[in-house]
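Chemist: Using the sequences and the hints, build the whole thing.
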Amino acid sequence: MDKNYPPREIEPRWQGFWEKQHTFKVSEESNQPKYYVLEMFPYPSGRIHMGHVRVYAIGDVIARFKRMRGYQVLHPMGWDAFGLPAENAAIKNKVPPAKWTDQNIAAMQDQMKALGLSFDWEREVATCKPEYYRWNQWLFIKMFERGLAYRKEATVNWCPDCATVLANEQVVEGLCWRCDSAVTQKALKQWFFRITDYAEELLSACDTLTGWPERVLTMQRNWIGKSQGVEVNFTLEDPSETLKIFTTRPDTLFGVSFMSIAAEHPLLPKIIAGRKEAPAVEAFVQNLLEQDLTVQTAVEQEKEGVFTGAYATNPLTGDKIPIWVANFVLMGYGTGIVMAVPAHDQRDFEFAQKYELPVKLVIQNETGDLALPLEAAHTDPTGTLVDSQQFSGLAPKSAQEKIMQYVEEKGLGKRETHYRLRDWGISRQRYWGTPIPMIYCENCGVVPVPESDLPIALPQDLPLGEGGNPLLKDENFLNTNCPKCNAPALRESDTMDTFVDSSWYFLRYASPKETEVPVNQGLANRWMPVDQYVGGIEHAVLHLLYARFFTKVVRDIGLINIDEPFSNLLTQGMVIKDGAKMSKSKGNVVDPNHLIQTYGADTARLFSLFAAPPEKDLEWSDDGVQGSFRFLQRVWRLVVAFAESQPALSSDPVDYSSTSTRVKNLRRLTHQTIKKVSSDIEEGYQFNTAIAALMSFYNGLSKDDADKAPSSAEALQHAAAFSQAINTLVILLSPFAPHLAESLWEILGKPASIMDVKWPDYDKSAILEESIEVVIQINGKVRHRFQAEAGTVDAVLQERALADPKTISWIDGKAIRKVFVIKGRLVNIVI
RNA sequence: GCGAGAGUGGCGGAAUGGUAGACGCGCCAGAUUUAGGAUCUGGUGGGAUUUCCUGUGGGGGUUCAAGUCCCCCCUCUCGUACCA
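Here the first sequence stands for residues 2 to 832, numbered as in this note's numbering.
Don't read these hints as lab results, they were simulated from the structure. Computed from a prediction, not measured in an experiment: that's the story for all the values here. Accuracy of the hints is not assured; some may be wrong.
Straight-line alpha carbon distances no greater than 25 Å define the calculated DMTMM-like cross-link-like pairs of lysine to aspartate or glutamate that follow [what the hints assert, rightly or not]:
#  : residue 1 : residue 2
1  : Lys93     : Asp81
2  : Lys277    : Glu232
3  : Lys704    : Glu715
4  : Lys815    : Glu790
5  : Lys100    : Glu88
6  : Lys704    : Asp757
7  : Lys361    : Glu402
8  : Lys245    : Asp388
9  : Lys474    : Glu154
10 : Lys93     : Asp462
11 : Lys227    : Glu265
12 : Lys485    : Glu443
13 : Lys271    : Glu154
14 : Lys187    : Glu265
15 : Lys807    : Asp757
16 : Lys187    : Glu154
17 : Lys765    : Glu747
18 : Lys93     : Asp475
19 : Lys114    : Glu232
20 : Lys587    : Asp564
21 : Lys143    : Glu202
22 : Lys227    : Glu684
23 : Lys759    : Glu774
24 : Lys587    : Glu616
25 : Lys304    : Glu376
26 : Lys398    : Glu443
27 : Lys819    : Glu774
28 : Lys100    : Asp162
29 : Lys26     : Glu747
30 : Lys321    : Glu232
31 : Lys190    : Glu238
32 : Lys578    : Asp623
33 : Lys582    : Glu515
34 : Lys617    : Glu684
35 : Lys321    : Glu367
36 : Lys187    : Asp81
37 : Lys35     : Asp795
38 : Lys751    : Asp656
39 : Lys187    : Asp162
40 : Lys617    : Glu715
Modeler: So this is what it looks like as structure tokens:
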């Protein structure tokens, strides 16, 4: 038999075996508990990278472990296959996007299979297939019927390079999330999903997501951005208008000394009409609107503004308040007009300083030493209200409530809750996406495509790369008849944001071939929610928020009865090399194919799990890969050598109640390892320490040899214990290095497959220590140790510690003040 | 600014308030080998050296006992931002 570990020989063999045996096909006909583990599906770029290896290795260990623990495990894979790269590649290489995508899927599927990932490939989905995207269209129509999909003209984020609209979530610091071009603003008629209808539930349900990392929840909460406050009506006499402001600090209403209005505010032209200030205001506004988003959102943007010439009345004080246009007021948040309280808001303070506007102190701080002129705004809500009529003397918190009551009673305004979250713009002016299933009829207006006409298929073989959306030029696609009046009508030519595709794919895996509805109710309810979702932190807001939204919509349509899609979320770190994320431009990419060719898939998997805990970034190390390979090599040799000289043992259970220390040590190591590896996987996916425990297990076994021809009773016990240790090592290693485990299992003469073997339980009596090492501390410092029998009572440990000659010399005749005994661990003597 | 996380050997990383540095890499020594590689054995925080001192970003504190808990500060990473 070959003494050397031959990954290139065994890996393809077992991959073929699993495929032929349908080892990972999951059935619904079982009363075993279900477990749904899912890794975020990839974009089919054509090649997997180390980040993929890492995320799928994590998910695969979980899947294999749960399967051995007796769960029915759903572990599917698919392709997030619509999107711009296919279109760009098509233009460059003159290959249709569908063909390019199919080739990439085939190539990546081969690579995934070469990693030995335990996917149920019979459930594979690809979002670019009509049998998938027809359900995007179906869901869109249901959402349209429920008022959750609507069309409006809006100023939208436009990426000139991608020639399409972007959602707010896809604009990163004023740049396109995909290509880093500066995003501009454009007015277009667009389709939106009314995600804001779900803002409150999306926010409050964050509290139920106890299996999610806190930072992801924080990011979601911040993105939704709820703030509660009050809208107050300030009045303008000439022209007669009501100017609504929104504030979360009604306790500062008596300190308003000016107002700021957004440059795009629709009332602004009316306010300045006919005033001498109008030309200056118009010039200011013009200048501001010409800046692109990168400048508008720049960090150190200087606060600037210009006086409109108009004054509004503060309804609480009757004061005349000058109205300014200011560059820091956002039209998209609140009412687009803010009351300015320079004494208690830092931005207003800076603005007031620059333009020499009055500052009115209305909250005195706790020490009572605030006086004008202020150095900075007093912004935290502590202290006492002053100069605030009947509210003077109140603490800010209670004043907020009392003033809101007063405002509502007097009809001066009302309480409001605002969210930062905007509705999700999903129209894209691109070809390679799901056609939006709507028809424009001159008589009937906007009409949805009848369900029976779905899918509206994406036409093939359109000329790409001639600028703009090719669907707009395809007469066959565009021209249709109105489903209501049958008059000639036009189809919508926009396609959906690809994030729509990924917002419900996890539901589709429950019934991937269902032809009547997107998700089979019974099956979806059986499998959902996903018990463990694994993916990158970069989706903390975008994908995860949209997926939660869609889950709630599908629930409200009546297809599922769960509220949240993902019970537990694991966000794995990046794979980095030389301190930077692996990327082509940095030239620090490690190709998984090369790794698999050189060391095998099991080494690639083992290393990516061993080198760092899953949430942390993983620093790539060629030497570390070697180390993982060496470990597998050693295990291979140990098991092969054992198998060759394996004594024939009876299958009867062995009685270990009376045996030697050597056998007890061997069994203790075996069972302690079972305990450690199981709990490391189950409690927080600490794969790195689980693998370390397996290495220690190997180290212990390699120092102990099986007896070749056991004759005595002790030797028989030892041979049985050693045999069990070897079997255990192979079983515990199988989720991490499945090919190696299968081969070794075969070499040990066991029937295939090790995948069907039950994960072992540890024997509580076997892990008990016989003797313990007790540490003696003097004043908390470790001084020496002694051995004691396990279970020695505290009083005896104390007695022995105090009687020890070394202890006596350390105490040196001083009085003992106190002695602490920690059971079975240490004795601390305080002198 | 705000929010979250992190700071431990030469490196990746371990440590329910109770022996800091598990495991791996690297390095050192030895064995084997014609040699190299591979493999095996032993050692490896720093400083002294026999029985000691010191050490988890810095400074305080709580405790018999702190990498771990509390307070202040520094640095780094990620996210996010004129949100009224």
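Chemist: Taking only the CA atoms, is the gap from Lys100 to Glu88 under or equal to 25 Å?
Modeler: holds, 11 Å
Chemist: Between Lys187 and Asp162, is the straight-line Cα distance small enough, at 25 Å or below?
Modeler: holds, 14 Å
Chemist: Hint check: Lys227 vs Glu684, CA-CA at most 25 Å. Holds or violated?
Modeler: violated, 34 Å
Chemist: Starting from Lys143, check that the Cα of Glu202 is at most 25 Å away, please.
Modeler: holds, 20 Å
Chemist: Need the status of pair Lys114, Glu232: alpha-carbon distance at most 25 Å?
Modeler: With Cα atoms ~59 Å apart, Lys114 and Glu232 exceed 25 Å; violated.
Chemist: Take a quick look at whether Lys100 and Asp162 sit within 25 Å of each other, Cα to Cα.
Modeler: holds, 24 Å
Chemist: Compare the distance between the alpha carbons of Lys578 and Asp623 with 25 Å, and conclude whether the hinted pair is satisfied.
Modeler: holds, 10 Å
Chemist: Below or equal to 25 Å on CA atoms is what counts here, so check Lys815 against Glu790.
Modeler: It is violated: about 29 Å lies between the C-alpha atoms, which goes past 25 Å.
Chemist: What's the verdict on Lys398 and Glu443, does the C-alpha distance respect the 25 Å limit or exceed it?
Modeler: violated, 56 Å
Chemist: Verify the proposed pairing of Lys93 with Asp81, using a straight-line Cα cut of 25 Å.
Modeler: Distance of about 21 Å is within 25 Å: holds.
Chemist: Verify the proposed pairing of Lys190 with Glu238, using a straight-line Cα cut of 25 Å.
Modeler: Measuring from Cα to Cα gives roughly 35 Å; hence the hint is violated.
Chemist: Please work out if Lys617 and Glu684 have their alpha carbons no farther apart than 25 Å.
Modeler: holds, 17 Å
Going down the numbered hints, you'll see the structure goes against 2, 4, 6, 15, 17, 19, 20, 22, 23, 26, 31, 33, 35, 36, 37, 40, while the others check out.
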